[in-house]
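Peer 1: Residue numbers (UniProt numbering), protein chains in the order written: chain A, 1 to 326; chain B, 1 to 326; chain C, 1 to 326; chain D, 1 to 326.
Incorrect hints may have been included.
Just so you know, same-sequence chains aren't split out, so a pair can sit in one copy or run between any two.
Below, computed lysine-lysine pairings styled on DSS-like, alpha-carbon distance capped at 27 Å [said to hold, decoys possible]:
(1) Lys78 / Lys205
(2) Lys7 / Lys205
(3) Lys78 / Lys7
(4) Lys218 / Lys78
(5) Lys309 / Lys62
(6) Lys308 / Lys238
(7) Lys309 / Lys238
(8) Lys308 / Lys218
(9) Lys7 / Lys238
(10) Lys309 / Lys218
(11) Lys7 / Lys308
(12) Lys218 / Lys62
(13) Lys7 / Lys309
(14) Lys205 / Lys308
(15) Lys308 / Lys62
Read the hints as simulated data drawn from the structure, not as lab findings. Predicted model, so just to flag it, every value in this text is computed and none were measured.
There are 4 protein chains.
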Amino acid sequence: MTTTIRKIGLLTSGGDAPGMNAAIRAVVRACAYHGLTAVGIEQGYQGLIDNQMYEMGARDVKNIIHRGGTILKTVRCKGFYEAAGRAQAYQYFVQNQLDALVVIGGDGTFTGAMLFAEEFGVPIVGLPGTIDNDIFGTDTTIGYDTALNTVVDAIDKIRDTATSHNRLFFVEVMGRDSGFLALNGGIGAGAQDILIPEEHFDLNKLFASLDRGYQAGKSSSIIVVAEGEEGGVYEIAKRVREHYPNYDLRVTVLGHLQRGGAPSCADRVLASRLGVAAVEGLLAGQSAVMAGMRDGRIVFVPFSDAVKKEHVIDNELIRISDILAI
Amino acid sequence: MTTTIRKIGLLTSGGDAPGMNAAIRAVVRACAYHGLTAVGIEQGYQGLIDNQMYEMGARDVKNIIHRGGTILKTVRCKGFYEAAGRAQAYQYFVQNQLDALVVIGGDGTFTGAMLFAEEFGVPIVGLPGTIDNDIFGTDTTIGYDTALNTVVDAIDKIRDTATSHNRLFFVEVMGRDSGFLALNGGIGAGAQDILIPEEHFDLNKLFASLDRGYQAGKSSSIIVVAEGEEGGVYEIAKRVREHYPNYDLRVTVLGHLQRGGAPSCADRVLASRLGVAAVEGLLAGQSAVMAGMRDGRIVFVPFSDAVKKEHVIDNELIRISDILAI
Amino acid sequence: MTTTIRKIGLLTSGGDAPGMNAAIRAVVRACAYHGLTAVGIEQGYQGLIDNQMYEMGARDVKNIIHRGGTILKTVRCKGFYEAAGRAQAYQYFVQNQLDALVVIGGDGTFTGAMLFAEEFGVPIVGLPGTIDNDIFGTDTTIGYDTALNTVVDAIDKIRDTATSHNRLFFVEVMGRDSGFLALNGGIGAGAQDILIPEEHFDLNKLFASLDRGYQAGKSSSIIVVAEGEEGGVYEIAKRVREHYPNYDLRVTVLGHLQRGGAPSCADRVLASRLGVAAVEGLLAGQSAVMAGMRDGRIVFVPFSDAVKKEHVIDNELIRISDILAI
Amino acid sequence: MTTTIRKIGLLTSGGDAPGMNAAIRAVVRACAYHGLTAVGIEQGYQGLIDNQMYEMGARDVKNIIHRGGTILKTVRCKGFYEAAGRAQAYQYFVQNQLDALVVIGGDGTFTGAMLFAEEFGVPIVGLPGTIDNDIFGTDTTIGYDTALNTVVDAIDKIRDTATSHNRLFFVEVMGRDSGFLALNGGIGAGAQDILIPEEHFDLNKLFASLDRGYQAGKSSSIIVVAEGEEGGVYEIAKRVREHYPNYDLRVTVLGHLQRGGAPSCADRVLASRLGVAAVEGLLAGQSAVMAGMRDGRIVFVPFSDAVKKEHVIDNELIRISDILAI
């Protein structure tokens, strides 16, 4: 069974990420280029359930490539994870004469898309949009590079401040389940140590690192901590304080500012390439796949792989972060 | 009794602030211009007690005008607040043939300078360097304008993120004792409400504001909270959560990143003007005064005023912040 | 004859400046706060002639405080400088039941407003919006502080590059008629010399300064040049090259990037205060005046003064720039 | 013949690029980690000829990871391209008991290194450091990602300004011989057209693109032009002006600001990984090779390939840039 693709619905879902607007622009303009109609769906899957959608032409996406957030908005929609919600969504999908979907988001977004594609035979291509970079099948996700720059820019400012002896700066970045942002951001920021879930937030390793730093004559150090919810770093800081009562500990919790900001050039180019690939992939018969970038080339990865397989951090980077913190 | 000024010692003290390096550069170059010798003292008053100082020429301060932090470093020095410490400091002051001091810092810095000037008759001019803007006698302090930009830049990124309904972003900025940074930063960031010490962190006013925002159809809001130590915002967030159990609250604690970063142009120009004024003020016989900028003009304010009088926030700004949050 | 003000038209005109959106937001919200209707007029005076206007409520200006440019757009409108154009504009002013205008722009904008106010007795308050800071009656204009930061940020990047011997970087900034941006930006950027119209682009002074820098052992220098049209710096660079054939000259022309970017906090607060003042000024009976900020206080300056008197640069700053370049 | 590597000389050469300091830090710290001595050579090959070098320990490279430029400085050294210069350099190489070199730079740097390695059997590993990305054998060069962000950040500001009809903004970026920066930067900036050497600066294609944009209702457009020397864009602008006399053309020449700025996180991580790889490559017997990154993995590419083969731009990106400009 093949569908002729004439009209493509487009939505962003889950936590937003810089570059989502660049992806939206690319999808809409690739549609215009190939003579298709693009339909923007607001508020993620909720807009599909609520029939909040409108046609988008090439001029409707002007002046958005550099904007953080998403003009289509995004919510975490519980209704779509229930059969009734998806049935309602499909009804509006048909009513609006959509032929396919492009969904931009993370794991949860693809899980919903996979179910919808299976149940109703709808062609769907997903684009990986999350600052966490925790998606299998793509080297990087849309928003990750920008968030890295946000993290190092923040830590650069912290490093400027007075280097009193025995001062430790703890900086909490996002990533309770995945250490990509903390590890790469920490290397980029010249952190003394980086606490990530993949290493079980190993405090003994931190103590050893701080002792080495003290021996080496370091006057102050920055510790990057990956966390999902805000403020978990305080518990770690408390335990470090107990271990080093003479150290002066300061905490910064970057929180949601990591999700915003103008996207980096790399994220814009990635989003632009993936957006065009999504449309052209649909035209070529792709479905239930995520469009990703591996080794500089577009790949299409089944949703089942993208959702179930893990994007593993490179242990070589952990080794390098230790060398650099000498 | 007049001293001929030939050699001027220079130090930064207290919490550091962007623009301190621009001030150092201006003092050193003004010395060079007027045929004086500048001597950089490291680690604030501690360097005076420990005899850590060296001559600085015009080329020694090249390429620092844009750098955060202070190349002379700064510590909070307890020793200088004791007579013995100041006596030791004076010994090295004499031994190094210094004729005067320029000290850059805040209230504590000026208190120490006032004592030193009184006890030993040393000519001292202070420069107001703090992000808090809580110094009487100058419209703005060195570092304040930069910190304001850091605050609004951070909140701009937060504002980018998805506008789910009933989401509140709490952003903690520095200023437990003074609401300048929070009030002006909050206005600049378009905050829904601003909690400052001058208004006793009035939660009832916050609840009324949030209720008005909800009535007005606001989907999400940013609340700026002034705090001295990191993390106090969590207690406020907890109480708001009890009052609005359905709201989704997120917290960012900017912490020390507010003290860093390349200084804004305004801070560089302010620091440059005050640095030149400090040297020329000493040459003109000023002592035990702070050089400040009021209404675009250099003023010299006695340390006793700078330390004891309060820099009061403009109530008109509070009124305007309420109008703008409608 | 007094008019009760119920409906206020609002437009931006002339070259745009960062912070214009913050001013728009403040005018609209102050209208909402005081129970007035705000009407946004697009494309400056052209929109008044063409009847392009629409009511704006408090929510229509959300999420714009941090955006460069102006959501109302701006064109330089020749038609309004002819009686016929203004007559047509007045017809739509009446037809839309407007009672007053707030116009945001520079000299040209105020000249038009002055004529319109005189001819038709329309209450108008102007807000100074231009990066040039060349308006009499206000210490700073909306957009000026942001442009200064853009200039120093650009020059900071240039300063990073290799310091080969005898290398000169020329940076052209805006300001053919007024040296504010060049002088303050140049001081903030640590320029070796600054060529401004107020000093008639004195090349002999530049040559003397470069010779001094060479004697002092400077390996490279930055020269800031004020210009109105792009590229005039090349003529100056050519003449310097003739004088110093062994120097390696590099040119950067910042051009229109100086007009854009997210406004600084200072510009947002200034725009917010002036926007509220414009509305409250109209309610208090002000007309044919510009709302400005002098010494931290709102002032209302007759258009005739704002247009005819000159905002003179502070010669003290020129003196300081020479001291700092030693 | 194998040499035991105990002491490694390190230099930066050619045009500087953001991230060079991060590479220096990584080389020095990898040396410290592996028990080797690092020797910093100043002013590129000139410092080898002039014997300007000093040992560097792990603490000597603190607080530099985020700085643009290079603390070792860089000049284009003609002497090293003559046999006599290299002989002199080798003499100091031996005298200082160096066993190997790490050189950071571009094509010219590697050409010199290749000659030096051939003539004297010196183990050398090169690191690709240039904003142009025109080096064969690595997906990206150190500095390229940062320069891309500088370009899009500048163009974002330009895009903010008033959208008058028929206004064209020309932005000149670096790259007379290679269009990487222009093509990727132009896509990231949402440019209407991009003129690059690989497409011979095709003005007819530009005219067709502008005509299409006009038909599509675009009110203003940004054209990115790759150039090696500053100001070549004016010639192109002149020819466009002749073709479209009614268009309002504005020019920005980014110039050397593209070489500066704090490096992006990606450039810091790349530089860090390559710096460690250079040291460990030398220990493993590599010589006369460049360490590059391809498909996320470290590769060692013979200097002869790095210098002679061309890094070709991806034609797919040109196609995508056309789709996105619809």
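Peer 1: Could you figure out if Lys308 and Lys62 sit no more than 27 Å apart (CA to CA) within one copy, between two copies, both or neither?
Peer 2: Answer is neither: 36 Å inside a copy and 40 Å across each miss the 27 Å cutoff.
Peer 1: For Lys308 vs Lys218, is the C-alpha pair at or below 27 Å within one copy, between two copies, both, or neither?
Peer 2: Answer is neither; intra-copy 43 Å and inter-copy 38 Å both fail.
Peer 1: First find the shortest C-alpha distance between Lys309 and Lys218 inside one copy, then the shortest across copies, and answer within, between, both or neither for a cut-off of 27 Å.
Peer 2: neither (40 Å within a copy, 40 Å between copies)
Peer 1: Give the relationship of Lys309 and Lys238 under a CA distance limit of 27 Å: within one copy only, between copies only, both, or neither.
Peer 2: neither (35 Å within a copy, 37 Å between copies)
Peer 1: At most 27 Å between C-alpha atoms: does Lys78 with Lys7 qualify within a copy, between copies, both, or neither?
Peer 2: within (26 Å within a copy, 45 Å between copies)
Peer 1: Is it within, between, both or neither when you check Lys205 against Lys308 at 27 Å Cα-Cα?
Peer 2: neither (30 Å within a copy, 46 Å between copies)
Peer 1: With identical chains treated as interchangeable, where does the CA-CA distance between Lys218 and Lys78 reach 27 Å or less: within a copy, between copies, both, or neither?
Peer 2: This pair counts as between: shortest inter-copy Cα distance 22 Å, intra-copy 49 Å.
Peer 1: Please sort Lys308 with Lys238 into within, between, both or neither, judging by C-alpha distance up to 27 Å.
Peer 2: Neither: 36 Å inside a chain and 36 Å across chains, both beyond 27 Å.
Peer 1: What label fits Lys7 with Lys205 when the C-alpha limit is 27 Å: within, between, both, or neither?
Peer 2: neither (54 Å within a copy, 30 Å between copies)
Peer 1: What label fits Lys218 with Lys62 when the C-alpha limit is 27 Å: within, between, both, or neither?
Peer 2: So Lys218 and Lys62 pass the 27 Å test across copies only (9 Å; inside, 49 Å).
Peer 1: For Lys78 vs Lys205, is the C-alpha pair at or below 27 Å within one copy, between two copies, both, or neither?
Peer 2: neither (40 Å within a copy, 34 Å between copies)
Peer 1: Can you give me the call for Lys7 and Lys309, within, between, both or neither, at a CA distance of at most 27 Å?
Peer 2: The answer is neither: 31 Å in one copy and 45 Å across copies each exceed 27 Å.
Hints 1, 2, 5, 6, 7, 8, 9, 10, 11, 13, 14, 15 from the list above are not met by this structure, while the remaining hints are.
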